[in-house]
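Chains as they are written, first to last, in the working numbering: chain A, 549 to 692; chain B, 549 to 692; chain C, 549 to 692.
It is possible that some hints are incorrect.
What the hints assert, rightly or not - With a straight-line Cα cutoff of 25 Å, these simulated BS3-like cross-link-like pairs (lysine-lysine) come out:
1. Lys623/B - Lys623/A
2. Lys620/C - Lys633/A
3. Lys623/B - Lys620/C
Worth flagging that the hints you see were computed from the coordinates, not collected in a lab.
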Amino acid sequence: MVVINKSLRIDSNANFQIIDITGDIVAILNEITHDNENSKIINGIVNIFTKHSTSAIRVNENEKGLLSDFEKVLKDSVKENNNYKHDFIDNNAAAHIRSFLLGSSETIPIVDGRLDLGTWQSIFFIELDGPRRNRTIDLTFIVE
Amino acid sequence: MVVINKSLRIDSNANFQIIDITGDIVAILNEITHDNENSKIINGIVNIFTKHSTSAIRVNENEKGLLSDFEKVLKDSVKENNNYKHDFIDNNAAAHIRSFLLGSSETIPIVDGRLDLGTWQSIFFIELDGPRRNRTIDLTFIVE
Amino acid sequence: MVVINKSLRIDSNANFQIIDITGDIVAILNEITHDNENSKIINGIVNIFTKHSTSAIRVNENEKGLLSDFEKVLKDSVKENNNYKHDFIDNNAAAHIRSFLLGSSETIPIVDGRLDLGTWQSIFFIELDGPRRNRTIDLTFIVE
Numbered sequence: 549m550v551v552i553n554k555s556l557r558i559d560s561n562a563n564f565q566i567i568d569i570t571g572d573i574v575a576i577l578n579e580i581t582h583d584n585e586n587s588k589i590i591n592g593i594v595n596i597f598t599k600h601s602t603s604a605i606r607v608n609e610n611e612k613g614l615l616s617d618f619e620k621v622l623k624d625s626v627k628e629n630n631n632y633k634h635d636f637i638d639n640n641a642a643a644h645i646r647s648f649l650l651g652s653s654e655t656i657p658i659v660d661g662r663l664d665l666g667t668w669q670s671i672f673f674i675e676l677d678g679p680r681r682n683r684t685i686d687l688t689f690i691v692e
Numbered sequence: 549m550v551v552i553n554k555s556l557r558i559d560s561n562a563n564f565q566i567i568d569i570t571g572d573i574v575a576i577l578n579e580i581t582h583d584n585e586n587s588k589i590i591n592g593i594v595n596i597f598t599k600h601s602t603s604a605i606r607v608n609e610n611e612k613g614l615l616s617d618f619e620k621v622l623k624d625s626v627k628e629n630n631n632y633k634h635d636f637i638d639n640n641a642a643a644h645i646r647s648f649l650l651g652s653s654e655t656i657p658i659v660d661g662r663l664d665l666g667t668w669q670s671i672f673f674i675e676l677d678g679p680r681r682n683r684t685i686d687l688t689f690i691v692e
Numbered sequence: 549m550v551v552i553n554k555s556l557r558i559d560s561n562a563n564f565q566i567i568d569i570t571g572d573i574v575a576i577l578n579e580i581t582h583d584n585e586n587s588k589i590i591n592g593i594v595n596i597f598t599k600h601s602t603s604a605i606r607v608n609e610n611e612k613g614l615l616s617d618f619e620k621v622l623k624d625s626v627k628e629n630n631n632y633k634h635d636f637i638d639n640n641a642a643a644h645i646r647s648f649l650l651g652s653s654e655t656i657p658i659v660d661g662r663l664d665l666g667t668w669q670s671i672f673f674i675e676l677d678g679p680r681r682n683r684t685i686d687l688t689f690i691v692e
């Protein structure tokens with residue numbers, strides 16, 4: 549068993565943006581699998597953790613209409629400019645509160661060298677206070 | 549330390565159903581503990597991950613009234629048939645949005661061969677778009 | 549690679565209280581790092597799991613105004629005394645429902661012996677049904 553620490557750097561280009569990072573994670577997993585000369589088969593988990601408190605990590609279906617529906621529900625549930633105290637310090641209270649509700653990490657199984665996602669699952673970095681450069685997502689592989 | 553990949557198959561029998569999977573996970577953990585001839589004591593974690601983007605994994609108290617209360621709040625927060633774009637593709641946008649809010653995985657500690665849950669905690673698979681056959685939940689044990 | 553099981557005991561002193569446990573976790577991690585004579589560098593993850601179904605674990609910014617804003621949004625989203633069935637058994641349905649929405653665990657990367665949090669991230673135990681004595685939070689380190 550080994551720990552492998554990797555990270556992704558993401559530039560977002562809108563205030564609210566749901567970015568599919570599945571392909572980036574698969575590419576890093578493939579590099580790890582090919583580097584491992586003792587065994588071509590890797591089992592374990594990968595923890596996906598965003599280092600930003602105005603963002604979130606979630607798993608769901610990458611269908612354009614659905615992502616737009618989800619954005620609308622989240623914005624209706626947590627209104628912007630709602631007399632938040634934090635807005636006097638940094639004008640992004642709604643982004644933090646949405647992040648609080650959604651969560652900062654997901655942990656995904658790895659089976660036989662592949663992310664064991666379901667057919668309709670993608671992994672998303674959700675930008676809640678963009679656009680931003682160099683958003684960092686930690687990927688921690690615990691594998692054998 | 550070893551990785552042990554297991555999975556549960558669940559048939560749901562209602563559109564919305566909260567299914568207690570604690571007993572199933574304990575049974576699998578007991579099998580693992582008894583298979584391990586070198587040590588009867590196992591410590592580590594188990595990651596519980598649903599492979600379906602219209603479902604969720606959560607931990608809470610298994611009290612019938614509470615589960616009914618939670619269902620009502622979730623359905624009031626995310627209405628069905630609310631002019632969702634995704635409903636034109638597959639008529640289950642509300643189920644996906646509820647899954648987005650709740651999350652796809654939880655990770656639970658294992659101490660001395662037992663799931664270290666609190667007295668009032670159960671692990672739930674939450675079906676949000678049932679009834680369905682063969683819902684798959686990955687259990688990844690990282691233990692020593 | 550080793551598993552190290554630790555726990556935190558917390559006394560809350562209000563019905564709703566967001567308690568920053570980052571310092572407690574860092575202190576335990578520092579003890580582990582100094583105990584490890586073979587290597588001063590530790591990489592891996594720590595799983596933070598609350599054993600109480602009327603509480604939650606979340607990661608966000610520790611800014612007083614923001615925590616107050618978040619409390620208000622959560623209380624507006626999940627009202628108290630809303631004809632909940634569970635309130636006839638134990639008068640804390642709203643606390644359980646808020647816990648259901650937020651989640652019981654987060655998993656955080658450890659890089660070079662340090663919790664790899666972002667600049668504005670703290671780890672919170674959220675008391676939803678206090679005041680209570682001896683709330684227990686499991687910390688499971690999977691490190692090498």
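Hints versus structure:
A distance of roughly 17 Å separates the Cα atoms of Lys623/B and Lys623/A; the hinted pair therefore holds under the 25 Å criterion. With a CA separation close to 11 Å, the supplied pair Lys620/C and Lys633/A stays within the 25 Å bound. Taken as a hint, the Lys623/B and Lys620/C pair is honoured in the structure, with Cα atoms around 21 Å apart against an allowance of 25 Å.
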